[in-house]
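2 protein chains.
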Amino acid sequence: MKSLTSLQQLIERRIEEEALKIGVTAPVNLYQPIEYTLGMGGKRLRPVMVLMACDLFGGTIDDALNAALAVEIFHNFTLLHDDIMDQADMRRNRPSVHKKYNENVAILSGDAMSIMAYQYLLKTEGPAYRELVQLFSTTAIEVCEGQQYDMDFEEKLDVSIEDYLNMIRLKTAVLIGCSFKMGALIGQAAPEDADRIYRFGINLGLAFQLQDDLLDVFANQEKFGKKIGGDIVANKKTFLLLKTLELASPPQRAELLSWIGKTTFNPEEKIEAVRQLYTEVNVQELTEQTINSFYQKAMAELEAIQVEKTRKEELMLLAKTIMQREH
Amino acid sequence: MKSLTSLQQLIERRIEEEALKIGVTAPVNLYQPIEYTLGMGGKRLRPVMVLMACDLFGGTIDDALNAALAVEIFHNFTLLHDDIMDQADMRRNRPSVHKKYNENVAILSGDAMSIMAYQYLLKTEGPAYRELVQLFSTTAIEVCEGQQYDMDFEEKLDVSIEDYLNMIRLKTAVLIGCSFKMGALIGQAAPEDADRIYRFGINLGLAFQLQDDLLDVFANQEKFGKKIGGDIVANKKTFLLLKTLELASPPQRAELLSWIGKTTFNPEEKIEAVRQLYTEVNVQELTEQTINSFYQKAMAELEAIQVEKTRKEELMLLAKTIMQREH
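Listed in order, the protein sequences are those of chains A and B.
Numbers in the numbering used here are just positions in the first sequence, counted from 1, shifted up by 3.
Numbers in the numbering used here are just positions in the second sequence, counted from 1, shifted up by 3.
Chain A extracted, bound-state conformation (with noise of 0.2 Å):
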């Protein structure tokens, strides 16, 4: 089994030779700003998915690149056209590309990575072909879907701990879990096998995304790389904030939607204000346990793929990097 480490540098390697070629062609202002997205770095680990769920079932890496290469791409598509929607003008500490070039470039490049995302994936060889292309196309419109109640639940209250799962499913986990299943069938795995590494990884996205909300509000700022309470700025319905609102006693519950409805207020004042009542309804600690629920589904299904167990223990590593990162 390939190491994780190794398999990032490998992607990373392949990621920057394909984005030199991208940004060299023409037409040059819908290109380069390809080569500007790819070359923002970020840890790669939908790419390297592919490649080690490829890599567990006894496939050949080589024949997995291009698959990987076809996530990373589409991942990025949609962190640039998200950026636009939310106006965030910065991304892995440099500008976002509406803003080192311009919003018609964004969007146009965006729409070129969504296409050539299918172009990377229809290179890959193989009897998995045609499931493989009904995934991906599966699997995108439905983080299409994730964006779309994202928005749509930043004008309204009443969301339900249901719908927000549901949202981050759709927006963080069907992506993780494409990647590993794609990873699988270029494998040839068994199609139960493939299954169970789809829901391996939706169940590591839900994990991973319940944790960005906890380390959101409680994380230690230096070790975070971004801002903490950038959410409770925000009013961003997280699980924390949903889960509070569910929990409140009458005054907590009146004195949280006060500070959601200010329009004028000190950011730290709220901030601190809003994680005092996370903590009086002890939040953080019913969110551990669901993030916990999720990683330990996670791993049963990984436990129950009919492959001998040391071949796993590079996804084990996978799972704890990722549910580990602020550590």
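As the list makes no split between identical chains, a pair holds if one copy fits it or if it spans any two.
Each computed DMTMM-like pair below joins lysine to aspartate or glutamate, with the alpha-carbon atoms no more than 20 Å apart:
#1 K102 - D89
#2 K103 - D155
#3 K102 - D155
Please keep in mind that the hints were generated in silico from the structure rather than gathered at the bench.
Since chain A is already given, all that's left is putting chain B on it; use the hints.
Same frame as chain A, now just chain B:
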């Protein structure tokens, strides 16, 4: 052979059915704008091309319906995103999506349409599957390139006729060629015939776009439907403008450039003055000759297709309909 009119009616009904289904899918804020877009009408020429080409080679029209829907959805996606980029507030006498809803909705619904186009295409059965998806992807990325060149040309004057023809080939002609070729592949045409009908579409598409440029300046206002002179007011680098810059005497060129450089002007006056310059260099006749030359190339490709002549009559009618739409 099915008639052009009957195929238009057939596809219109299918689009309406699909649009209704799409419009009630959750999240509605994602899918309703797609129903709205598909309901805006238009002549549905591209999907009809898919069906006619399939019919020409003896294929079953039902087998080509999903590919036809894919092409129409993709085409409407490009219009939707182009309208954001061009800040075009109206489309077929109705508010464009970013005006009726908002820009975020228009971006995300467009993204979803681009993926849905693949989803419809992927429903197509048969041996041509892989080639269809490849052709569609290549075409889709070319359309993005065409749109980028079109935007690039807004900023510069040194655009050659060759550059311009390449731009309209990418932006307009390749999707027409692709529509015909997809139908041919589904109808199991011989590879040479599939390539011939592709080139038929390319040349027809070039003729069509040049005709569009010509009509913008010299059409009968009432019959044309949209406002005459829009390209002139916007300094669009059309075939007419580029050719006139090439042919003009120094004073004519200076006058044309002075109109292009003006930031405040009476639109009617500018249209009249530029049209006068166009007339002086006889660019209308030159454009008509170029259109005719592409049209004849298209006809030669159609002629060469190894199918009984009488089967080609509806395609001839389609070609004529496209070219004579103002008369």
